[in-house]
Amino acid sequence: MICSTSIERIITGRNAALSLTEILIHQLSDIFALTDSIGGGNANE
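With the UniProt record's numbering, the residue at position 29 of the sequence shown is 29, and numbering never jumps.
Worth double-checking, as some hints may not be accurate.
So the derived label-pair ranges between C-beta atoms look like this [as the list claims (entries may be wrong)]:
hint, residue 1, residue 2, range
1, Ile38, Thr5, 46 to 52 Å
2, Phe32, Ile11, 27 to 33 Å
3, Ser4, Ile38, 49 to 55 Å
To be clear, the hints were calculated from the coordinates, so they are not data collected in a lab.
Glycine is no exception: its CB is placed at the ideal position from the N, C-alpha and C atoms.
With these hints in hand, go ahead and build the complete structure from the sequences.
Structure below.
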């Protein structure tokens, strides 16, 4: 049986990971915009 404390820790860890992933996506978007503005190509080119 999983106690409620374990479930809270799992959810907290999951939420933290999702927040970090969202931050990373925004940072990558900013990097792509910057490289595009200075004439760089896209990663898939």
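How the hints compare with the structure:
1. Ile38 - Thr5: 46 to 52 Å: 50 Å, holds
2. Phe32 - Ile11: 27 to 33 Å: Holds: the Cβ-Cβ distance is about 32 Å, inside 27 to 33 Å.
3. Ser4 - Ile38: 49 to 55 Å: Holds, at about 51 Å.
Checked against the numbered hints above, the structure violates none of them.
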